[in-house]
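J.: The residues making up each chain are set out below.
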Amino acid sequence: MTAIERAVAAPGPKRLQWMTANVREVIEETSRVRSLVLDVPGWCGHRAGQHVDVRLTGEDGYQAQRSYSIASAPETPGLVITVERIIEGEVSPYLAGEVRPGDRFELRGPIGGYFVWTAPLDGHLFLVAGGSGIVPLMAMLRHRAAVNSDTPATLLYSSRTVEDIIYRAELQSLDRQANIKIVHTLTRMQPAGWSGFSRRIDRAMLEATCFPVAVRPRIFVCGPTPLVEIAARALRDIGHLQNLIKTERFGPTGG
Amino acid sequence: MSDPPVSRGFRGRGRGAQSARIPPGQHLVSDFPILSAGPTPEPDLTGWRFAIEEGQSPIGRWNWHEFEALPQTEVTVDIHCVTTWSKLDTHWRGVSIDTLLEAAGLAEPPGPFVLVHCDGGYTTNLPSEDILDGKAMIATRFEDEPLDPEHGGPARLLVPHLYFWKSAKWVRKLQFLDHDQRGFWEELGYHSYGDPWREQRYDGD
Numbered sequence: 001m002t003a004i005e006r007a008v009a010a011p012g013p014k015r016l017q018w019m020t021a022n023v024r025e026v027i028e029e030t031s032r033v034r035s036l037v038l039d040v041p042g043w044c045g046h047r048a049g050q051h052v053d054v055r056l057t058g059e060d061g062y063q064a065q066r067s068y069s070i071a072s073a074p075e076t077p078g079l080v081i082t083v084e085r086i087i088e089g090e091v092s093p094y095l096a097g098e099v100r101p102g103d104r105f106e107l108r109g110p111i112g113g114y115f116v117w118t119a120p121l122d123g124h125l126f127l128v129a130g131g132s133g134i135v136p137l138m139a140m141l142r143h144r145a146a147v148n149s150d151t152p153a154t155l156l157y158s159s160r161t162v163e164d165i166i167y168r169a170e171l172q173s174l175d176r177q178a179n180i181k182i183v184h185t186l187t188r189m190q191p192a193g194w195s196g197f198s199r200r201i202d203r204a205m206l207e208a209t210c211f212p213v214a215v216r217p218r219i220f221v222c223g224p225t226p227l228v229e230i231a232a233r234a235l236r237d238i239g240h241l242q243n244l245i246k247t248e249r250f251g252p253t254g255g
Numbered sequence: 001m002s003d004p005p006v007s008r009g010f011r012g013r014g015r016g017a018q019s020a021r022i023p024p025g026q027h028l029v030s031d032f033p034i035l036s037a038g039p040t041p042e043p044d045l046t047g048w049r050f051a052i053e054e055g056q057s058p059i060g061r062w063n064w065h066e067f068e069a070l071p072q073t074e075v076t077v078d079i080h081c082v083t084t085w086s087k088l089d090t091h092w093r094g095v096s097i098d099t100l101l102e103a104a105g106l107a108e109p110p111g112p113f114v115l116v117h118c119d120g121g122y123t124t125n126l127p128s129e130d131i132l133d134g135k136a137m138i139a140t141r142f143e144d145e146p147l148d149p150e151h152g153g154p155a156r157l158l159v160p161h162l163y164f165w166k167s168a169k170w171v172r173k174l175q176f177l178d179h180d181q182r183g184f185w186e187e188l189g190y191h192s193y194g195d196p197w198r199e200q201r202y203d204g205d
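Chains A and B supply the protein sequences, listed in that same order. Using this note's numbering, you'd call the opening residue of the first sequence number 1 and step up by one each time. Using this note's numbering, you'd call the opening residue of the second sequence number 1 and step up by one each time.
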């Protein structure tokens with residue numbers, strides 16, 4: 001028996017099955033971003049930070065699939081994904097444009113066990129998001145709120161304009177709670193009287209917002225590749241432990 | 001198995017656009033997306049070493065200068081990422097695993113399985129025969145340029161017939177073993193073998 005045959009013949013674990021998701025509600029987050037609240041019969045739950053694979057089937061049987069982060073806390077009913085419409089994308093224009101309540105598509109998951117945070121974990125939580133990279137980090141903040149965790153948490157969130165901030169109202173109300181801080185930076189345009197940062201995320205901004213190295217914060221960075229590269233490198237240079245810095249990159253090819 | 005539900009109004013790009021070179025569930029991209037689990041390591045060619053081990057015993061070791069002096073191989077291949085993008089006709093240069101084993105004085109791999117070790121502690125597992133006979137290389141050039149750190153530079157494994165997470169970035173060591181030992185993503189629920197043509201994305205696929 002060859003090594004491949006052995007690998008194939010070994011009894012396998014249970015397959016992640018495709019399930020039918022029914023769209024219960026559509027939430028317009030920004031002009032380009034929508035959240036879909038889904039009912040998924042048979043869904044077994046997830047951890048904050050995980051994602052699902054979505055598969056669309058056309059009337060002619062043509063299928064296309066993509067991965068999307070879960071935005072909802074494990075504790076709340078209804079699975080929420082948040083999708084940014086990508087120009088020239090194949091799946092995202094449908095999910096973030098066409099879809100309406102009552103529509104159905106397939107998904108399977110949850111997927112990913114690395115970029116995950118659960119409330120019992122020790123240590124402060126420092127989150128860095130760019131654009132729709134906020135989605136898995138929002139699941140963590142929602143999970144933290146749902147279980148009344150008092151883990152100190154800071155989110156540094158880079159958007160182009162104030163209108164591009166996803167979950168803006170919810171982040172505002174989170175910011176008023178104890179032990180949590182939401183810091184925005186707007187890279188393209190700032191409203192009059194803007195008191196937040198107004199440039200791309202850099203080392204100085206991270207030093208000003210992140211917890212001290214000595215408290216060993218757990219760090220999650222999610223966004224477009226250039227932002228993730230810069231932030232992860234700067235955080236490491238500041239002295240944060242490499243194995244406490246977890247990254248996930250969102251590219252335009254997610255579409 | 002029942003038919004999948006039709007997604008009302010979804011047309012997509014349609015089958016006509018799909019090349020026979022694209023495995024099921026994949027779509028074509030023209031850019032080169034980057035996926036990795038943590039910070040990109042700083043390239044350090046002076047301190048760079050590449051090693052082959054049998055179990056715990058060292059068999060071969062090269063510094064950057066020695067590695068660059070090994071006979072080079074060039075390939076043009078299609079690559080397929082588990083996150084569903086595929087890229088066609090990518091051009092790579094590096095040292096084939098066949099060449100490396102020969103340079104280490106080995107006629108065949110010293111174990112039926114290999115665990116690939118990288119900077120940052122990342123690992124991935126493969127059957128040894130999947131990296132032989134020209135099927136894999138340690139790549140140091142992409143499209144005739146030194147490999148960017150973001151894409152795994154100075155050197156990454158290239159095993160294009162499997163999902164691209166198997167083509168581990170920042171590779172530093174091949175550890176041959178007598179048993180299969182799951183790597184980083186494989187421990188986290190991804191498929192142990194990862195054949196894109198059989199859509200082996202996750203455990204049990």
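If you are wondering where the hints come from, they were derived from the structure by calculation, not from laboratory data. Here a beta-carbon is modelled for each residue, glycine too, at the ideal position from N, C-alpha and C. A few of these clues could be false.
[As the list claims (entries may be wrong)] Covered stretches of chain B, as calculated for chain A (at least 3 residues, CB under 8 Å):
1. 3-10
2. 27-35
[Claimed, not checked] Here are the in silico distance ranges between beta carbons for each label pair:
3. A/241 <-> B/74: 36 to 44 Å
4. B/2 <-> A/190: 35 to 43 Å
5. B/178 <-> A/59: 49 to 57 Å
6. B/106 <-> A/226: 49 to 57 Å
7. B/102 <-> A/88: 25 to 33 Å
8. B/24 <-> A/203: 39 to 47 Å
9. B/178 <-> A/207: 27 to 35 Å
10. A/226 <-> B/143: 38 to 46 Å
11. B/74 <-> A/150: 33 to 41 Å
12. B/179 <-> A/169: 51 to 59 Å
13. B/182 <-> A/43: 47 to 55 Å
14. A/60 <-> B/57: 55 to 63 Å
[Unchecked claim] In silico DSSO-like pairs for lysine-lysine, Cα to Cα no more than 27 Å straight-line:
15. B/135 <-> B/87
16. B/87 <-> A/246
17. A/246 <-> B/173
J.: Determine for every hint whether it applies to the structure shown.
T.: These are the hints, each one checked on the structure:
A count of 7 residues in the stretch 3-10 of chain B with a Cβ less than 8 Å from any Cβ of chain A is obtained; the coverage claim is therefore met, three being the minimum. For a cut-off of 8 Å, the count of residues in the stretch 27-35 of chain B with a CB near a CB of chain A stands at 6, and the three-residue condition holds. Range check, residue 241 of chain A to residue 74 of chain B: about 39 Å between beta-carbon atoms, so the 36 to 44 Å window is met. Separation of residue 2 of chain B from residue 190 of chain A is about 52 Å and departs from the stated range, judged on CB atoms against 35 to 43 Å.
One distance hint, 49 to 57 Å for the beta-carbon pair residue 178 of chain B and residue 59 of chain A, holds here, with the actual separation near 52 Å. The hinted window of 49 to 57 Å between residue 106 of chain B and residue 226 of chain A is violated, with their beta carbons roughly 42 Å apart. For the pair residue 102 of chain B and residue 88 of chain A, the supplied restraint of 25 to 33 Å is violated, since their beta-carbon distance comes to about 46 Å. Judged by the Cβ atoms, the range 39 to 47 Å given for residue 24 of chain B and residue 203 of chain A holds: they are separated by roughly 43 Å.
Distance hint check for residue 178 of chain B and residue 207 of chain A: the Cβ-Cβ separation is about 49 Å, which falls outside the suggested range of 27 to 35 Å. Between residue 226 of chain A and residue 143 of chain B, the C-beta spacing of about 20 Å breaks the proposed range 38 to 46 Å. A hinted range of 33 to 41 Å for the beta carbons of residue 74 of chain B and residue 150 of chain A is inconsistent with their spacing of about 57 Å. Restraint check, residue 179 of chain B to residue 169 of chain A: a C-beta distance of roughly 54 Å satisfies the suggested window 51 to 59 Å.
One distance hint, 47 to 55 Å for the beta-carbon pair residue 182 of chain B and residue 43 of chain A, is violated here, with the actual separation near 26 Å. At about 57 Å, the CB distance of residue 60 of chain A to residue 57 of chain B agrees with the hint of 55 to 63 Å. Distance check on the hinted pair: residue 135 of chain B and residue 87 of chain B sit about 18 Å apart at the alpha-carbon level, within 27 Å; holds. With a CA separation close to 26 Å, the supplied pair residue 87 of chain B and residue 246 of chain A stays within the 27 Å bound.
Our distance criterion of 27 Å between C-alpha atoms is met by residue 246 of chain A and residue 173 of chain B, whose separation comes to about 23 Å.
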